[in-house]
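Peer 1: Produce the entire structure from the sequences given, and follow the hints as far as they go.
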Amino acid sequence: MTGRPRLLFALVGVPALVGGGWLGVARIRQAQTIGDLPVASAREGEFVAIIRCRGEIKAGRSAQLYAPIVPNLRIAWLAPSGEVVEEGAPVIRFDSSSAQQQLIQKEAALRQAQATLDQAVVQARITAEQDQSALVDARFNLEKAQLRTATNEFVGRIEAEQNRIDVGVSEQKLKVQEATVDQHAASDRSKMASVTRQRDQAQAEVDVTRERLTQMEVKAPLTGVVVFQSNYALGSQNSTPFKVGDNVYSGMNLGEIPDMTSLLINVKVEEIDRGRIAVGNDARILVDALPELAIQAKITQISPMMELGLEQPITRSFRAYAAVAKADPRLRPGMNGGMDITIKRIPDAISIPAKALFTRAGKPVVFLAERGNYRPAEVQVLARNPDEIAIAGIPAGAFVALTDPEKRETAK
Numbered sequence: 001m002t003g004r005p006r007l008l009f010a011l012v013g014v015p016a017l018v019g020g021g022w023l024g025v026a027r028i029r030q031a032q033t034i035g036d037l038p039v040a041s042a043r044e045g046e047f048v049a050i051i052r053c054r055g056e057i058k059a060g061r062s063a064q065l066y067a068p069i070v071p072n073l074r075i076a077w078l079a080p081s082g083e084v085v086e087e088g089a090p091v092i093r094f095d096s097s098s099a100q101q102q103l104i105q106k107e108a109a110l111r112q113a114q115a116t117l118d119q120a121v122v123q124a125r126i127t128a129e130q131d132q133s134a135l136v137d138a139r140f141n142l143e144k145a146q147l148r149t150a151t152n153e154f155v156g157r158i159e160a161e162q163n164r165i166d167v168g169v170s171e172q173k174l175k176v177q178e179a180t181v182d183q184h185a186a187s188d189r190s191k192m193a194s195v196t197r198q199r200d201q202a203q204a205e206v207d208v209t210r211e212r213l214t215q216m217e218v219k220a221p222l223t224g225v226v227v228f229q230s231n232y233a234l235g236s237q238n239s240t241p242f243k244v245g246d247n248v249y250s251g252m253n254l255g256e257i258p259d260m261t262s263l264l265i266n267v268k269v270e271e272i273d274r275g276r277i278a279v280g281n282d283a284r285i286l287v288d289a290l291p292e293l294a295i296q297a298k299i300t301q302i303s304p305m306m307e308l309g310l311e312q313p314i315t316r317s318f319r320a321y322a323a324v325a326k327a328d329p330r331l332r333p334g335m336n337g338g339m340d341i342t343i344k345r346i347p348d349a350i351s352i353p354a355k356a357l358f359t360r361a362g363k364p365v366v367f368l369a370e371r372g373n374y375r376p377a378e379v380q381v382l383a384r385n386p387d388e389i390a391i392a393g394i395p396a397g398a399f400v401a402l403t404d405p406e407k408r409e410t411a412k
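Residues 1 to 412, numbered by the working numbering, are exactly what the sequence shown covers, in order.
Careful: at least some of the hints might be erroneous.
[As the list claims (entries may be wrong)] In silico lysine-lysine, BS3-like type, Cα no more than 25 Å apart, as pairs: (1) 355 <-> 298; (2) 106 <-> 144; (3) 298 <-> 58; (4) 344 <-> 363.
Read the hints as simulated data drawn from the structure, not as lab findings.
Peer 2: Put into structure tokens, the structure is as follows:
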């Protein structure tokens, strides 16, 4: 007894399932195509009118990396290109062996110059002491000779005359000694100045060499991604980014570090769309290399200068910029992408695919699919997007043809 009801239920349920499945498939097929033309359903909801632009991710601020003012530079180490480096971290190191050897030689020359100066100081002191001793002796002899010329009744005229002559000779010797002292002092000052200059020059060369050694390491001025410039030493055809072992000149631009917190997108806006956008408009950034990423942004700047395109026909466009508020760590300057600028929002709008709108007698129409037939219906275009159009004149959920039925009839 229990087997029969189950069998009866199975026999009744199978047609029901089959019928329900057939109706579901039929409904899906009707949503996809009515008759033999592809159709789409008109949906109701907020319509966001956009202007689609193309551009490139750039950094609003970046720091350049220059080679130091040091001769004979050779790259000994580089930070990995494209990697994030922290502010103050080393980015480039140069071979310092030559500078170290020069420093040893300069320090030896400085020690020798200092020894020569010390010797000159000691010699000048000895010469000054000897000159002072000789000067004291000459003054003493003069005073002694002057005492002999004092009036003395017991001294003969000849001896008195001899004493006066001795006084004159002593005065001349004193003058000669004084001149010798001045000459030695001037000579010692000149020699001291010369050896002092040599010592100072040697000290300056040591300081310069030490300063060069401190410049053998270039550090990151800010946190960002390091990007090295191309080395054109072998010609533009064989240029490659700077690498370990390359010789560089003083002051060369070796690379840059873009500030990853200042990323923005730089896009071209066609002349016809320039008047429809403004600073502060909402925008959505879509990066080609990261298709799953959609970045919300706002227009921060619009260039007042128009740009002429080089292609034919000549195009006119303006530059627009949108800052990336929260940058994805995968973003890099130079990535290409697009930006959808929001210019209008229409609540509760009826929207259809752009290919479902046609022109008939100069008026916009859609072809409503009804029971295998296609009826033209005039509509009012409220806003356009590259792939979607907001219209008024048909109900939500109506099916519209995606190709022109009249052209199909003509083709038959």
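Peer 1: Against the 25 Å threshold, does the CA-CA distance of residue 298 and residue 58 hold or violate the hint?
Peer 2: holds, 15 Å
Peer 1: Residue 355 and residue 298: Cα distance at most 25 Å?
Peer 2: Outside the cut-off at roughly 30 Å; violated.
Peer 1: Residue 106 and residue 144: Cα distance at most 25 Å?
Peer 2: At roughly 57 Å apart (the allowed maximum being 25 Å), residue 144 and residue 106 break the hint.
Peer 1: Within a Cα-Cα threshold of 25 Å, do residue 344 and residue 363 meet the stated pairing?
Peer 2: Holds - the C-alpha atoms of residue 363 and residue 344 are around 23 Å apart, at most 25 Å.
When each numbered hint is compared with the structure, violations occur for hints 1 and 2.
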